[in-house]
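Numbering (the working numbering) for the sequence shown: 1 to 261.
Worth flagging that the hints you see were computed from the coordinates, not collected in a lab.
Watch out, some of these pointers could steer you wrong.
What the hints assert, rightly or not - With a cut-off of at most 25 Å between alpha-carbon atoms, the simulated BS3-like pairs for lysine-lysine come out as follows: (1) Lys169 to Lys259; (2) Lys164 to Lys70; (3) Lys242 to Lys259; (4) Lys163 to Lys243; (5) Lys164 to Lys259.
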Amino acid sequence: MNDSRQQRREQWMNNWHHDQGNSHLWTGLFILVIGGIALAKSFGAPVPKWLFSWQMLLIAIGLFTGIKKKFSDGGWFIPIIVGGAFLVNDYVMLGDLRKHIWPVVLIVVGLVFILRPKKKRPVVFPATGEAGSDAQLSQQLEDNPLRTTDDYVDSTCIFSGNKKIILSKSFRGGELVNIFGGCEVDLTQADMTMPAVLEVTAIFGGATLIIPSNWAIQSEAVTIFGGISDRRKMPVLNDGPKKTLILKGTMVFGGMEIKSY
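I would like the entire structure built from these sequences, with the hints used as guidance.
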């Protein structure tokens, strides 16, 4: 049983680290394409007006999110369909068909929510402890679906928000994607045995991290018209091993707030 759990844990870790490498690639390409088109326009290239519209920005964000998440979650489709509807409505001559755009959009969005695959229940790796602690932990997880003992946190918020409470005693990091939305991750009951890496993508959105006051923060994230704010009080001096949370990713017109109770 323990071997099976360890295999699932290792497989999850390998997949997650592979995704992190691709994440940097797609983020760089996304910014590179926007910069290239803007440069071409500044030199007088015949760039269509709609290409630099807010509608196209929504479509690009949807594609960017879909690629990063391997199109595994239907949330990436919402910005595309909304941006596409506004784009067609404003730049395409449709005549009498214009009045049918939004009913069709609502139908498509509804189908996305109905047909998208259900997320699997997180795999629980209980921490060892006193007799009966595993049963108590399982009961806590059932009573509060916001809680999880996963070593990695994975959250995607597009025009929405959520909250997660992490109970893992060997927290490794994860990925937070917030686009026109936000999330709150509570790590006050978590612990780590090695530095954890948290990949954050915030575009017109943000995240709130609630962490123990004695954790050290090492920021390697790229912020553009955004930032990371550490609002914790002075950390409590601790003679134990140093616990470091490394923040990576890209924040554009978005950011992150870090605090502790």
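Item to check | Unsatisfied constraints (hint numbers, rising) | outcome: Result: no hint breaks.
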